[in-house]
Amino acid sequence: MEVRGLTKRFGDLTAVDDVTFDLFPGEILGILGPNGAGKTTLIQLLLHVLTPTAGRIYVFGLDLDRHREAILSRVNFSSAYVSMPSSLTVRENLQVFARLYQVSPAPERIAHLLKLLEIDDLAAKITGTLSSGQITRLCLAKALLNEPRILFLDEPTASLDPDIADKTRRLLRRLRDETGMAVVYTSHNMKEMEELCDRLLFLSKGRVLASGTPTALRDRFRGGTLEEVYLKVVRGEA
Amino acid sequence: MALSRIVALLQRHLYLYKRSLARLMEIFYWPLLDLLVWGYVTVYLAQMPGALPFVAAFLLGAMILWDILYRSQQGISISLLEEIWSRNLLNLFVSPLRPGEFLAAMMALSIFKLSTAAAVTVTLAWLIYSFDFFMMGLYLVPFVVNLVVLGWAIGIVTAALILRYGQKAEVLAWGLTFLFQPVSAVFYPVSVLPGWLQEIARYIPAAHVFEGMREVIAHGRVAEEHLLWAFALNGAYVAGSLIYFYHVFRSVRERGLLLRVGE
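Chain order of the listed sequences is A and B.
Here the numbering used here is used: position 42 in the first sequence is 402, and no number is missing along the way.
Here the numbering used here is used: position 237 in the second sequence is 243, and no number is missing along the way.
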């Protein structure tokens, strides 16, 4: 994915300001920033649910604005702030999205993902009766249905207990290694970002303040941990 | 348009109705109550000295046809609200689903809902009041088609307003169709309206349908002019509603409202 000069203004407010970056196959890119930094706006732009004021986004060599359908069929998204229809069972929800993404053969793919995310025993359960952690895993299963080449995850482990969060991170790394899937990841959990991401973008007031590998950023800003680097960068002390 | 994506959305809503007694009741409950109230009103009116001829058929036929229009509109607007209530809207629009496919699925769903409700009311009207809805013969086809299409047009505008203004506009899903009722001449002829409302009624497709319905019941035929007006107006209404919907959808994408509505 190539993002060039991406800008989004809402009246006088510039939510995303001239952001340029690349995402490579198999890369896990973390987007960091304080609340209101423009992370969610950036992800919305990359998913074509928000129109940019300026700039271009190319995915798989195609212009996102002109090839929305072809691109979105090969990417997917999950967020702690989005849910799934609560009256349907886990399996029914996945069947609906499998059809939406034209997944074939769907039953095998669904069975595989239910097992992979350790929710196979919940397949016949009504989604509304699941815990928030179980719903997050269902949303992740939905996001993996179409074997996406790029996966957008907005705070995916926010409602997971440490055990399941760790398993989720391991799973993402495994999928990345096995399939070459790229991941765009946002989280306020610095330890998680440090552990998981190959590269980080620091956003503040819509601008990229710094980018690089976690190690390079720690060295550059002389921080012992990513959290120290984060605090220095967002407080303008770096 | 991808048929599989339209079927996926249909499947999602049919699963919902399969499991939710409250939603199933919603299809049957109001039509049933309307039928009982209006049915006994017509029985009473028909017993009055000097009662209008065909009063029972006029009122029951009108009630059933109005419900078809109402269900058709709700098939689109309530289905959109279901996605908002379940925080699923963003999941749908980050998928390859096109807005046109979303509308097509909602239209198909509205046919399912209104057919189910109409089957119940038509049967009960026959059983309880010996009212034969099919007495209108083949004229029923253009009447029903026009009401369904008008319901879609109103539903599409309602959906656009909900996307633009969020859940504070959700009351429109139940109310907007009723804005058309006084000038649709559902239970009375257009001729009883004051002149300026008659002028407005000329441009309401439903008014031509209900005028036509009364002509068929009373005289066994309908002036072709009514049907032509209804079809022409509906063509304009649907085109206008689609233009408005796509305009609003573009604006919603520019303002980032899809996430705010959908979360």
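Don't read these hints as lab results, they were simulated from the structure.
For glycine and all other residues, C-beta sits at the position ideal for the given N, C-alpha and C.
Just so you know, not all the hints are guaranteed correct.
Chain B regions said to be covered by chain A (calculated; three or more residues, Cβ under 8 Å) [as the list claims (entries may be wrong)]:
hint: 1; segment: 9-20
hint: 2; segment: 202-210
hint: 3; segment: 253-266
One-sided and incomplete, this derived list gives chain A residues near chain B with beta-carbon spacing under 10 Å [unchecked claim]:
hint: 4; residue: Thr367
hint: 5; residue: Asp377
hint: 6; residue: Thr380
hint: 7; residue: Phe381
hint: 8; residue: Leu383
hint: 9; residue: Thr411
hint: 10; residue: Thr413
hint: 11; residue: Ala414
hint: 12; residue: Tyr418
hint: 13; residue: Met444
hint: 14; residue: Arg459
hint: 15; residue: Thr575
No more than 30 Å apart at the CA atoms, straight line, and that leaves these computed lysine-lysine pairs for DSS-like [claimed, not checked]:
hint: 16; chain 1: A; residue 1: Lys475; chain 2: B; residue 2: Lys24
hint: 17; chain 1: A; residue 1: Lys565; chain 2: A; residue 2: Lys485
hint: 18; chain 1: A; residue 1: Lys485; chain 2: B; residue 2: Lys24
hint: 19; chain 1: B; residue 1: Lys119; chain 2: B; residue 2: Lys174
hint: 20; chain 1: B; residue 1: Lys24; chain 2: B; residue 2: Lys174
hint: 21; chain 1: A; residue 1: Lys485; chain 2: A; residue 2: Lys475
hint: 22; chain 1: A; residue 1: Lys592; chain 2: A; residue 2: Lys565
hint: 23; chain 1: A; residue 1: Lys485; chain 2: B; residue 2: Lys119
hint: 24; chain 1: A; residue 1: Lys551; chain 2: A; residue 2: Lys475
Evaluated hints:
Against chain A, the segment 9-20 of chain B contributes 7 residues with a C-beta closer than 8 Å to a partner C-beta. That satisfies the three-residue criterion, and the hint holds. Coverage of the segment 202-210 of chain B by chain A is violated. Counting CB-CB distances below 8 Å, 0 residues qualify, and the rule asks for three or more. Only residues whose beta carbon comes within less than 8 Å of a beta carbon in chain A count, and the segment 253-266 of chain B has 7; three or more means the coverage holds. Taking 10 Å as the C-beta contact cut-off toward chain B, the hint placing Thr367 of chain A at the interface is violated, the least distance being around 13 Å.
Taking 10 Å as the C-beta contact cut-off toward chain B, the hint placing Asp377 of chain A at the interface is violated, the least distance being around 15 Å. With its C-beta approaching chain B no nearer than about 21 Å, Thr380 of chain A sits outside the 10 Å limit, and its interface hint is violated. Hint status for Phe381 of chain A relative to chain B: violated, with the closest Cβ pair at about 20 Å, above 10 Å. With a least beta-carbon distance of about 17 Å to chain B, the hint placing Leu383 of chain A at the interface is violated under the 10 Å criterion.
Checking Thr411 of chain A against chain B: minimum C-beta separation of about 5 Å stays under 10 Å; hint holds. Taken as an interface hint, Thr413 of chain A checks out: its beta carbon lies about 9 Å from the nearest beta carbon of chain B, inside 10 Å. Interface hint at Ala414 of chain A: violated, since its Cβ lies 13 Å from the closest Cβ of chain B, which is beyond the 10 Å cut-off. For the restraint placing Tyr418 of chain A at the interface with chain B, the shortest Cβ-Cβ distance is roughly 18 Å, beyond the 10 Å limit, so the hint is violated.
Residue-level restraint check for Met444 of chain A holds (minimum Cβ-Cβ distance to chain B is 6 Å; threshold 10 Å). Against a cut-off of 10 Å between C-beta atoms, the interface hint on Arg459 of chain A holds, since the closest Cβ of chain B lies about 4 Å away. Evaluation of the Thr575 of chain A hint against chain B yields a violated restraint, the C-beta minimum of about 32 Å exceeding 10 Å. For the proposed pair Lys475 of chain A and Lys24 of chain B, the alpha carbon gap of about 26 Å is at most 30 Å, so the pair holds.
About 42 Å separates the Cα atoms of Lys565 of chain A and Lys485 of chain A, which puts this hinted pair outside 30 Å; it is violated. Of the pairs offered as hints, the one joining Lys485 of chain A and Lys24 of chain B holds, with about 15 Å between alpha carbons and a cut-off of 30 Å not exceeded. For the hint linking Lys119 of chain B to Lys174 of chain B, the alpha-carbon distance of about 25 Å falls within 30 Å, and the restraint holds. Taking the CA atoms of Lys24 of chain B and Lys174 of chain B, the gap is about 28 Å. The hint holds against a cut of 30 Å.
Simply put, Lys485 of chain A and Lys475 of chain A have alpha-carbon atoms about 15 Å apart, close enough for the 30 Å limit, and the pair holds. Distance hint between Lys592 of chain A and Lys565 of chain A is fulfilled; the C-alpha atoms sit about 15 Å from each other, no more than 30 Å. Between Lys485 of chain A and Lys119 of chain B the CA atoms are separated by roughly 26 Å; this keeps the pair inside 30 Å, and the hint holds. Proposed proximity of Lys551 of chain A and Lys475 of chain A is supported: the alpha carbons are some 27 Å apart, at most 30 Å.
Hints 2, 4, 5, 6, 7, 8, 11, 12, 15, 17 from the earlier list are contradicted by this structure; the remaining hints agree with it.
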